[in-house]
Amino acid sequence: MIAPPPAEKLVEVERSRRPSVTFVPADASGVAQIVIDRPDDPVNAIDVRMMEDFAAAIAAARAAAPRGLVIASGKKNQYVAGADLSLLRGGTSQSDIEKASRSMQRVLNDLAALPFVTVAAINGPALGGGLEIALACDTRIAADAPNVRVGLTETRLGLIPAAGGTQRLPRLIGLPRALDLILTARQLAPKRALRAGVIDEVVHPAVLLRAAIDHAGRDPKRKPRGGATVVERAATHFAPARAFALRQARSRTLAETKGRYPAPLAAINAVAIGLAKGMDAGLDVEARSFGDLAVGETGHSLTALVMLTLRQRKAALEGLGKPRPIANVGIVGLGFMGSGIAQVAAASGFRVRGRDRDAAAVAKGLSTIRTLTADAAKKGVFERREAARITERVTGGPDLVGFRSADLVIEAVFEDIATKRRVIAELEQVLRPEAVIASNTSALPIAEIAREARSPERIVGMHFFSPVHKMPLIEVIRPAGAAADAVATAVAAAIAMGKTAIVVGDGPGFYTTRVLSTMIGEAFTLLSEGDSIEAIDRAMTEFGWPVGPLQLVDEVGLEVAGHAGETVAKARGIAAPTIVNALVAEGFKGKHKGGGFYRYDGRRRTPNPRVRELLGAPTHPAAGDIAERLTLTFVNEAVRCLDEGVLRSPAEGDLGAVLGLGFPPFLGGPFRYADAQRHRIVTALERLAAARGDRLAPTESLRSRRPFFTL
Amino acid sequence: MPRVLILGGARTPFVRAGTEFADLDVLDLARAATSEALARTELDPGQVDEVIFGNVARPVAYHNLAREVVLSLSMPTRIPAFTVGLACASACVAITSAADHIAGGNADVVIAGGSESLTNVPLTLTPRLARGLIAASQAKSLPAKARSLADVRASDIAPVAPGIRETSTGLTMGESAERMAAMNAVSREDQDAWALRSHRLAAAGWDDGRLAREVGPVYLDGHAVTADNHIRRDSTPEKLASLRPVFDREHGTITAGNASPLTDGAAAVVLASEARARALGLEALAAVRSYAYAAVDPADQLLIAPAYAIPIALGRAGLTLDDIDLFEMHEAFAAQVLSTLAVLEQNGVGRVPVEKLNVMGGSIALGHPFGATGARIVLTLANEMRRRGARYGLATACAAGGNGAAIILERAA
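First to last, the protein sequences are chains X and W. What the first sequence shows, in our numbering, is residues 148 to 858, in sequence order. What the second sequence shows, in our numbering, is residues 319 to 731, in sequence order.
Keep in mind that the hints are not guaranteed to be accurate.
Label pairs and their calculated CB-CB ranges [said to hold, decoys possible]:
hint, chain 1, residue 1, chain 2, residue 2, range
1, W, K458, X, F391, 33 to 41 Å
2, W, R634, X, V528, 54 to 62 Å
3, W, G364, X, R380, 37 to 45 Å
If you want the ones that stay clear, here's a sample from chain X, every Cβ over 10 Å from chain W, calculated [as the list claims (entries may be wrong)]:
hint, residue
4, A173
5, N416
6, R498
7, A831
These are calculated hints, taken from the structure and not from any lab test. Glycine included, each C-beta is placed from N, C-alpha and C at the ideal position.
Given only the sequences and the hints, what does the whole structure look like? Please build it.
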């Protein structure tokens, strides 16, 4: 269920008269087809009309009584990408949503009840409701093509599968694998799906329809077995084994979601009831939970985030110039960051040339790239041969030989302005004039880095997040002097690398580092007021942040974090906290550099007692709402970035915060959170400002009560 | 006719078989040389029209090594590629084919090279065992499968290494070289002296950076191989004299010290039409002036054919031996080099001044990955011609079967 709403929906164009689903009577083979092809929608997103047409097509098929039936898509490389998310947007009531779920369940029950063999011919993404259609068929054949992915992705939206997915998947592949797929919302490539038992056969795209027709014409009707092994079947159908598996899934889910995300537990519940009390009872729970979740705040937030992410692919390029074509990418500096960037660039199909100071450093970087790729291949991200090609696309050397053909060069050298300027001067000697130079930095102003450059207009910032292969965000920095085409090229490269790109202004700390540093600065203030290290970090992780601010500083390294903090504090005219420098002076430089706010003894982590001694203030028992104060500091600073024009839009602010900094996704991002709880947030900030200082006063636009999003 | 330029190139370090590149196969090596050649010529792979590679010991896995180079480097898939074989002069054929395609107007930019892994030589089965296995795989029933293998004998189980003996004479390369030494009265002392010269000049070439210019590091798991590993800086006439002859233990003169070693490595050069090079703003090292292949009866002097190819190439270029400023001659054996010089003189082609020959050593010191050597000598010659501002240069290689190649380069501008 991750399809973006088609743009046409928004402007309410007159609907095409062509049906979304057509019944095609049997030909000489005796096999009929149902062809799904929603007009004016590139991805076959499921809407009410499609379900109505589907019901009619199934009725026609039943009446025609062919030997077999193939459910195919009329679109090239697209099956059914899920429900049309605009169904879920504000205004729709819980009972309407529940009703929609029940009517889709009925249609798919009708499909499953057909007396002849049904085969899904999957030629593209079959996600959410798309896979549920396929699960209602007897057999699923998938094309071996890069665009083909199957999965029940609803929990990513804070929802659950609501058209029988929680019922049919466990009955098909067994409870353990089904729960894994539903709870992780994983999308499987065809061969993985085949191994998981979701797909019955994988064939070349050109053979897909013939294979599906062959199966529909000759397979017997069959009953799913509930797993490939005895153990899986026992966990599915034998009550005590099932109870054990469910209990484990529940406790694992609770530990991971800290109770902030209701959907995974609801999915487990629907699966459990369905297997215990029968399909009808399970479908009933499914529909009711779906209605609840869809109108819940968490569901809204997560759905909104997914929609923002999908829209950002186009929105990121709006108002910029024309991206230049990119085939060859140069990377300067093959440390952990540079290697990660090179690997991601190569994986997206660019030829990559890397450079580091000597052959040994190059060898180390290339080795990191090989390891990253091999690890991903083991996890099934790439097929083995594709992994080999990715590694082979990267070459390197100790000099800038081979950089002349680069279309984009990303420098990822040490965060030091003189070093970066030197690299840029060297690059300017060899690059073609149209090549774009991107500086990977978390805080150094790009205009400063580019100040001595001969052609500063081609220099932009690309702030990657670590580890690069996992983090989904790239913050593209647009200095005032940058050419619009250069910025667009960096954005297009980020999108090609499979990342979400946001475009921000060139202020100190840009957007992400600025809001994060401001929040961490406030955490230092709390510390000096007497809150304990553990109390601060625990409060934040319990609130839904992935890691506490002080632990984060240890992991980033105290020197880097301290430098970013000073840059940002100076720009805002706030005194920078002294504790970090004091710790660094005593040799506490971070997790792997002698400890920091914590001491690290093997796997054990204990608060560093020196912190309290340096601060010279005693710890007081937890007082006030730590998580609220820090999170609101973050929100307030994010809004200030929008007010100052560092951010182009609230959408980019939310994406940057959630995808780059781990802002709790169930809140949807700082701007969505501010919209949802405006009154409480403004009041709380005013109270905090009165008690703790003006820096906490809500910004003008927060006070204005004008919502950031108009939906 | 378009003039053919050599824009540049690169080779991997040449290392003794079974050492640092033991885990790399012929494609890994070819890829390393090609990507480095592209980088050093600052050429966008999109500009390449064709890739030609030479290779001798061909792994069964690669029906067309050159094409695998294109695909594995993610060069544009539209680039056609083919693999050629002329034993130790294979890469010469790659280069002269490239030159012909460009001169004939059929291509503008061609990568030509060669690659060899003598660590990973493909072993095959005896014909009887291979026939039996294929028949068994086609047989329908188990008894029939068993019958298919009935003729196989115990001795067939041992795999067969690729031919080291001349098919027509039954002599190994070394035995043939021993004959040449005897026929041309090349002494053991002269051979050892030539080998020592090769090592000393190669060491000097590395020390002053001239050889480093043509070599691109190969990055293995976490470390880089940056240099050739066969050059013996500590070699002395005494040490060389102490080695036992290998091929004729009684009367022979050829030892491991005065022959080229089994080597792993690859080399690639980039050739382009003068017009395209100008359009791309790329400078050239040298231009291809002429070339010739010649062949002799393997039963006579197996490796003497360059002595016959050289006058033909000179004639085609309208030059004499005296016009050549720099020579690169493949050193299969010191005996073969000295025999070739002697025959050139006997036949009245002229005397090659040794101070202009193999000025940074040759295959005896640097190593000899069969398929790659032809590209190595052309690359070395072109680089050194450019450095010296030489007008004409000559590269030659002898090959199994009695073949020989000679390529004449001239100053690009």
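Each hint, compared with the structure:
Remark: the range hint 33 to 41 Å for K458(W) to F391(X) is contradicted by a beta-carbon distance near 50 Å. Between R634(W) and V528(X) the CB atoms are about 56 Å apart, so this pair conforms to the stated range of 54 to 62 Å. Range check, G364(W) to R380(X): about 55 Å between beta-carbon atoms, so the 37 to 45 Å window is missed. At roughly 38 Å, the least C-beta separation between A173(X) and chain W is larger than 10 Å, which holds for a residue marked as non-interface.
For N416(X), the condition that its CB be more than 10 Å from all CB atoms of chain W holds, with the nearest at approximately 48 Å. At the 10 Å boundary, the C-beta of R498(X) falls inside the reach of chain W, the nearest C-beta of that chain being 6 Å off. No Cβ of chain W approaches the Cβ of A831(X) within 10 Å, the least distance being about 53 Å, so the stated non-interface status holds.
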